[in-house]
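Just so you know, the sequences run in chain order A and B.
Residues 5 to 255 in this note's numbering are what the first sequence spells out, letter by letter.
Residues 5 to 58 in this note's numbering are what the second sequence spells out, letter by letter.
Each hint can be trusted.
Derived lysine-lysine pairs resembling BS3-like cross-links, with alpha carbons at most 25 angstroms apart: (1) B:53 with A:248; (2) A:24 with B:43; (3) B:43 with A:248; (4) B:43 with A:243; (5) B:53 with A:24; (6) A:243 with B:53.
Derived DEER-like restraints, expressed as beta-carbon distance ranges: (7) B:13 with A:244: 48 to 56 angstroms; (8) A:178 with B:46: 34 to 42 angstroms; (9) B:55 with A:182: 51 to 59 angstroms; (10) B:9 with A:17: 49 to 57 angstroms; (11) B:20 with A:90: 47 to 55 angstroms; (12) B:9 with A:206: 26 to 34 angstroms; (13) A:204 with B:46: 40 to 48 angstroms; (14) A:183 with B:6: 35 to 43 angstroms; (15) B:11 with A:234: 47 to 55 angstroms.
If you want the footprint, here are the derived chain A segments under chain B, 3+ residues with CB under 8 angstroms: (16) 103-110; (17) 234-248.
These aren't lab readings, by the way, just hints derived from the structure by calculation.
Remember, predicted model here, so these are calculated numbers, not experimental data.
In this text, a Cβ means the ideal position worked out from N, Cα and C, and glycines have one as well.
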Amino acid sequence: MNINWFKYSSPQTFYPLAGKMIPWFAWLAAILAIAGLYISFAIAPTDFQQGEAYRIIFVHVPAAWMSMVIYIVMACWAGIGLALNARLSAMMAQALAPTGAVFTLIALVTGSLWGKPMWGTWWVWDARLTSELILLFLYLGFIALQASIDDPRKADRAGALLALVGAVNVPIIYFSVKWWSTLHQGSSINMGAAPKMAATMLLGMLIMALAFWMYTIAVALMRVRCIMLERERSADWVKELSLKSASRGKA
Amino acid sequence: MQWASWAAFFNMGGYAFYVWFSFGLTALCVVWEVIALRKRNAAALRLSKLLAQE
Chain A
5 MNINWFKYSS PQTFYPLAGK MIPWFAWLAA ILAIAGLYIS FAIAPTDFQQ GEAYRIIFVH
65 VPAAWMSMVI YIVMACWAGI GLALNARLSA MMAQALAPTG AVFTLIALVT GSLWGKPMWG
125 TWWVWDARLT SELILLFLYL GFIALQASID DPRKADRAGA LLALVGAVNV PIIYFSVKWW
185 STLHQGSSIN MGAAPKMAAT MLLGMLIMAL AFWMYTIAVA LMRVRCIMLE RERSADWVKE
245 LSLKSASRGK A
Chain B
5 MQWASWAAFF NMGGYAFYVW FSFGLTALCV VWEVIALRKR NAAALRLSKL LAQE
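The following block holds chain A by itself, in its conformation from the complex:
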């Protein structure tokens, strides 16, 4: 089969395609989230050391994973946009940033809410927590930088450079618990080693992470559609679309 991928790299053809994909990812996210929450609260046993407080792990760890994964994906799209001068790639990077920032904030706040009862403090300036906070600032910096430049193509290039340079922070977050002694516990799952936790806990975390993945794809597609409409507002296809959408009674 010969698919013309370049056809889908124009906003005009990608807009309706993304619209068709959004409900699928949204439903997958919802079903996985329900399954994940059921495992988190109904099946996973009480932790013998931390009691019920450990259940925060089911949002904290998947959110922290997503905060790093989204940054890497965002930096890749930004890099492709920069290297190939591809509009759609730059728009994808821009669409991912706010969702990445939200997951970083969730990881930080839920970590704080877990730290208070277990460590006795909301916050410590250790390597893991500090590097995750820097990740939040990188996301916010990327968003603010792009918003402050009027010419969208220049904004894309400046944002891409920031995203690529900032990517060095992601391995620092990931390995921080190994490189420095920190209050934060080590990785829950190590590549190449058997997990040190109950199978149901692991399963709950993985399903919640998958739900967050599907959610991220759905909202990133929603946001990239908004960006396309805003950037191409005077293009004929957007005008036609806006007239059609209004005539169907949907604003």
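Starting from the structure of chain A, add chain B where the hints point.
Chain B only, in chain A's frame:
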């Protein structure tokens, strides 16, 4: 099931504030993000419609 009663479930072994704040915040972020994006899409289409009708 892990829970003797609904009350025990909501109490979360005394960690109710920390656990429900964490899950509640996450749910709130998800709902807010989806609503905000729907509004943004509608606003963009409205503006384009105005431009098209000029």
